[in-house]
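There are 2 protein chains.
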Amino acid sequence: MSEEKENIQFELTKELVGQVKQLIKANDDKELHKLLDEFHYADIAEILDEVNLDEATYVIKLLDSETTSDILTELDEDIRERVLKNLSAKEIAEEVEELDTDDAADIILELPEERQEAVISHIEDQEHKAEITELLAYDEDTAGGLMAKELVKVYETWTVAGCMRRIRGQAEEVTRVHSIYVVNKEEKLIGRLSLKDLIVAKNDQKISDLVKVNVDYVNVNDDVEDVAKVMAKYDLEAIPVLDDNEVLLGRITIDDIVDVLKEEAEKDYQLAAGITGDVDSDDSILELTRARLPWLFLGLVGGIGAFLIMEGFQDTFNKYAVLFFFTPLIAAMAGNVGVQSSAIIVQGLANDDVKGSVNNRLIKEMLLAALNGVILAVFLFLFVWVTKGEINTAFAISVSLVAVIIVAGLIGTFVPLFLDKRGIDPAIATGPFITTSNDILGILLYFWIAKMILGI
Amino acid sequence: MSEEKENIQFELTKELVGQVKQLIKANDDKELHKLLDEFHYADIAEILDEVNLDEATYVIKLLDSETTSDILTELDEDIRERVLKNLSAKEIAEEVEELDTDDAADIILELPEERQEAVISHIEDQEHKAEITELLAYDEDTAGGLMAKELVKVYETWTVAGCMRRIRGQAEEVTRVHSIYVVNKEEKLIGRLSLKDLIVAKNDQKISDLVKVNVDYVNVNDDVEDVAKVMAKYDLEAIPVLDDNEVLLGRITIDDIVDVLKEEAEKDYQLAAGITGDVDSDDSILELTRARLPWLFLGLVGGIGAFLIMEGFQDTFNKYAVLFFFTPLIAAMAGNVGVQSSAIIVQGLANDDVKGSVNNRLIKEMLLAALNGVILAVFLFLFVWVTKGEINTAFAISVSLVAVIIVAGLIGTFVPLFLDKRGIDPAIATGPFITTSNDILGILLYFWIAKMILGI
Chain A
2 MSEEKENIQF ELTKELVGQV KQLIKANDDK ELHKLLDEFH YADIAEILDE
52 VNLDEATYVI KLLDSETTSD ILTELDEDIR ERVLKNLSAK EIAEEVEELD
102 TDDAADIILE LPEERQEAVI SHIEDQEHKA EITELLAYDE DTAGGLMAKE
152 LVKVYETWTV AGCMRRIRGQ AEEVTRVHSI YVVNKEEKLI GRLSLKDLIV
202 AKNDQKISDL VKVNVDYVNV NDDVEDVAKV MAKYDLEAIP VLDDNEVLLG
252 RITIDDIVDV LKEEAEKDYQ LAAGITGDVD SDDSILELTR ARLPWLFLGL
302 VGGIGAFLIM EGFQDTFNKY AVLFFFTPLI AAMAGNVGVQ SSAIIVQGLA
352 NDDVKGSVNN RLIKEMLLAA LNGVILAVFL FLFVWVTKGE INTAFAISVS
402 LVAVIIVAGL IGTFVPLFLD KRGIDPAIAT GPFITTSNDI LGILLYFWIA
452 KMILGI
Chain B
2 MSEEKENIQF ELTKELVGQV KQLIKANDDK ELHKLLDEFH YADIAEILDE
52 VNLDEATYVI KLLDSETTSD ILTELDEDIR ERVLKNLSAK EIAEEVEELD
102 TDDAADIILE LPEERQEAVI SHIEDQEHKA EITELLAYDE DTAGGLMAKE
152 LVKVYETWTV AGCMRRIRGQ AEEVTRVHSI YVVNKEEKLI GRLSLKDLIV
202 AKNDQKISDL VKVNVDYVNV NDDVEDVAKV MAKYDLEAIP VLDDNEVLLG
252 RITIDDIVDV LKEEAEKDYQ LAAGITGDVD SDDSILELTR ARLPWLFLGL
302 VGGIGAFLIM EGFQDTFNKY AVLFFFTPLI AAMAGNVGVQ SSAIIVQGLA
352 NDDVKGSVNN RLIKEMLLAA LNGVILAVFL FLFVWVTKGE INTAFAISVS
402 LVAVIIVAGL IGTFVPLFLD KRGIDPAIAT GPFITTSNDI LGILLYFWIA
452 KMILGI
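Sequence lines, in order, name chains A and B. Read the first sequence against our numbering and you will find it ends at 457, with the numbers running on by one and no gaps. Read the second sequence against our numbering and you will find it ends at 457, with the numbers running on by one and no gaps.
Treat the hints loosely; a few may be bogus.
Pairs involving identical chains hold if they fit within one copy or between any two copies, as the list cannot separate such chains.
As the list claims (entries may be wrong) - Cross-link-like lysine to aspartate or glutamate pairs, in silico, EDC-like; alpha carbons within 20 Å at most:
(1) 91 - 126
(2) 154 - 210
(3) 26 - 353
(4) 234 - 75
(5) 186 - 126
Don't read these hints as lab results, they were simulated from the structure.
Kindly generate the complete structure, drawing on both the sequences and the hints.
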């Protein structure tokens, strides 16, 4: 969490990585220190992501644990896992000692069960140990799983002067003081103060006179995404976490929320693209296959569905072969419209700005799809009419295109709303899921309507 | 930016909105005050998003400008625009007086040119006016366009005691003190202090002894997205903004970055779904059409392309009708694979973790696509063989499926990398763009390979 030793210009170059590898090879610890000490731990982490496991471990063991503990938190998850394998429980415990309780708990949670015990048992600072153990008990997706125990707390009965004295001690423990939390003797949160308020106040004032009551807070069991929404909406940089009795348990800071928001966005983006699980472009081919193949298989099944439908209409074929040549167009339009409307709904749900009844939504999307559909259909009609000279066929194809687009829009709107009501992440509705179902339905609708109009 | 007067439980109910509308109708200002004063400005903004323009304006004119100025910053952009139309330049100036310089500048920038002048001329606080005018000059997408002038600044020559005295004054101006910036007499940034450091320090210590040098900073012309990356990477809550001579101009706080990150994520998500421009589900049908139709039109053109290709292969048709029934499957697979691989690259580029040469990327994607393709092709082969009993056709279709998937993967990987090199946002490469081009290419490849294998 340090703001020091870095500026925007850092760039990870081949040369730099090569230089580090060289120094490790030469066991030139002195030079290596000189080189790496210039960098922010987040940058050293980027360098270590590029070297091999032994080299990374070498650096981790070389630098002092104050730096390396921070580096560990910034490493690629899979690389960190492998580095930790190379460290003894005692060595990991030393790293953990240096970390804030929330980061410490996150690292320990990544370890295999049996090692977790061992590492915890090696933590010397008893209070730190107890706090970490407490955090390990909370579900990762709750406020409790995200919060840190580090915070500055004062009692309502204290004076400003007394406060200043007391918090000098506490503040040294806390990387950043956002708010000073004021509690009563039962440790229940009754309000907050900013350091600013304290500095601006007179020394003999009572805290109870300065405290700002009804401060924002979250319950320890609140969902992380809800915490993120609240902090973003109210521009909070820290929020206290209370238990059901309003006892102050910890605090969540905005930098953790920034990470939550980024992960959320990436997850939704990948789901929309038909990728499950948190993979990135540097993962192994096997990991990427596991994330991508299931959705492709869904597409395959959908394609086979489309095949069966078209085969079913084979008889009309010899007369109107042209109909079949437009199936990719129909499928594409059905897919695109479905993805567009579902994406808008999914995003609206994420921002809580989907208001009004489901029916109004569907009516609006129907009008929207109809408008787009008619515009597109006119072009298609003209194209078929001019190139094929068959006005009936042109008419049949265009009319069914409009119908297909409307239905696709309705499905794209309804499915995410339905999933959301059922408590399922609507984001899975975008991408391949919608495309595939709309492909099939669209093609079926298309042939059915065209057949009717052409009276085959 | 206040942390007061709200907690996570706020919920926007029909009843509440109805109650507000009632009180406005009855001109019951006293009750309206009582009701709304309970809420955080961000919640009042949500309420005003739900009432009609006159009602919203009524509330804005009723409440004191300290609250309403914050409400304005939280309103839906289009609603804010309409509300501001109902306010006189003087009234807007009063709102602006209450806002931090960055929010003030944002509001003014949304006004039509001629009104901007008028509003600025009505700002009474001359310093505030000068600072806002300065901010208006910077490009919205740069650090200068995002920064605020409010910050706490001390000179290296001061003592801790002197500092404390001096910053009491400045601090009252600043919503939150993240860092105290230390400058020399030329106003050049030489480092920073935290309030914590100051509190923990002795009164007679010189600032120059406490200052933390090489602090992070950004240049006033740096791109907003780069600023966001730096602040997220280094977990910064505020970063100073310097001009080319390292003179301290302002600071950017994390809550603005949170907004930038959210907007970025939404833009990419929408692009991937074939939606351009910043629209949300509550926008008008016309706005939504403008955002969606162009991509659908692209799909239409692609579909016509597919039609022409299939027509070109019509002669082979009577013998192998079955080939045509699989075109939707081929198109779907080509599209899905393309979107998957492009999404991973786009995301990798956004996170700066696309390393190594383009060739390695393409080779990796080729292997990945080949692996997925073969697995899928085996299923398809068995299906066709079993259901149609034509082993040659089954073989032809499966082999071309593999080829199509590999090419689709390569295009999905190459196009975003290419666009990025050209300085174009690679996000436009996902979604309809890739799907459409892959549809056409896939179908062409499919018929061509199948034809060869079947020796037609």
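Taking the hints in turn, this is what the structure says about them:
Proximity of residue 91 and residue 126 under a CA criterion of 20 Å is satisfied intra-copy only: 13 Å inside one chain copy versus 61 Å between copies. Within a single copy, residue 154 and residue 210 get their C-alpha atoms as close as 16 Å, which meets the 20 Å cut-off; across copies the closest is 29 Å, which misses it. When the C-alpha separation of residue 26 and residue 353 is checked against a cutoff of 20 Å, the pair qualifies neither within a copy, at 55 Å, nor between copies, at 28 Å. Proximity of residue 234 to residue 75 under the C-alpha cut-off of 20 Å is restricted to the inter-copy arrangement: shortest distance 9 Å between copies versus 27 Å within a copy.
Taking identical chains as interchangeable, the C-alpha atoms of residue 186 and residue 126 are never at most 20 Å apart, the minima being 26 Å within one chain and 45 Å between chains.
Violated hints for the displayed structure, listed by number in ascending order: 3 and 5.
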